[in-house]
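Participant: What follows is the residue order along each chain.
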Amino acid sequence: DSGVTQTPKHLITATGQRVTLRCSPRSGDLSVYWYQQSLDQGLQFLIQYYNGEERAKGNILERFSAQQFPDLHSELNLSSLELGDSALYFCASSPWDSYGYTFGSGTRLTVV
Amino acid sequence: AQKITQTQPGMFVQEKEAVTLDCTYDTSDPSYGLFWYKQPSSGEMIFLIYQGSYDQQNATEGRYSLNFQKARKSANLVISASQLGDSAMYFCAMREVSNFGNEKLTFGTGTRLTIIP
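Sequence lines, in order, name chains U and F.
Residue 31 in this note's numbering is what sits at position 31 of the first sequence, and the numbering runs on without skipping anything.
Residue 30 in this note's numbering is what sits at position 30 of the second sequence, and the numbering runs on without skipping anything.
Rather than coming from a laboratory, the hints here were simulated on the basis of the structure.
Here the structure is a predicted model, which is why all the values come from computation and not from measurement.
Label-pair distances were calculated between CB atoms; the ranges are:
| id | chain 1 | residue 1 | chain 2 | residue 2 | range |
| --- | --- | --- | --- | --- | --- |
| 1 | U | T13 | F | P40 | 22 to 30 angstroms |
| 2 | F | D55 | U | P95 | 14 to 22 angstroms |
| 3 | F | D55 | U | D1 | 28 to 36 angstroms |
| 4 | U | D1 | F | K70 | 34 to 42 angstroms |
Derived DSBU-like pairs: lysine-lysine, alpha-carbon spacing no greater than 30 angstroms straight-line:
| id | chain 1 | residue 1 | chain 2 | residue 2 |
| --- | --- | --- | --- | --- |
| 5 | F | K73 | U | K57 |
| 6 | U | K57 | F | K3 |
| 7 | F | K70 | F | K16 |
| 8 | F | K73 | F | K3 |
| 9 | F | K16 | F | K73 |
| 10 | U | K57 | U | K9 |
| 11 | F | K70 | F | K3 |
| 12 | U | K57 | F | K70 |
All C-beta atoms in this analysis are idealised placements derived from N, C-alpha and C, irrespective of residue type, glycine included.
Just chain U, with the same shape it has in the complex (with noise of 0.2 angstroms):
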């Protein structure tokens, strides 16, 4: 176990429909970032967080959009999916500062 939870491991769901994946970040982590695994465009950066706010924004569609919690948790939320969102997404937490990125273990999102 990493310490970065990701829930939840699988999705199936049509397009058109709206999905909200979690993460819940690495004890002590502020930083919060998403990424995307597809085939076509590899592992993206989409977007970080920082204690709450956003810091970074990646090739995130505006279809998309994330919010970081107080208690650090975070949020993406996927809408109008189409089939090219199916990928694999994953959270990645880290300490202010720091360069010890951990990866959760992904979401797997698949638009049918």
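Fit chain F to the known structure of chain U by using the hints.
Facilitator: Relative to chain U, chain F alone:
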């Protein structure tokens, strides 16, 4: 913009041999960090090794070492005495940090390593 290049899509190596996975990077930032991650078929991302741009010595972690050549902008991973369990996808990544605390990892396309018994 930062860029990571891994030119070996796949490699086959005999068990117990050493293997070098190539990674080159491009950045204009003087301060950066380089990572290697292993992704087995189960999908999780496993941290292997880290090298900071100001580190004087090459990083080592058990059977893993990072051959860091700053002038050439390369950060190759060397796995000594390969084992069957080393069969996996390997990703090189670079850490970018801004003055405002924004940070992200940029990943290469990966190398699929297969160890042959």
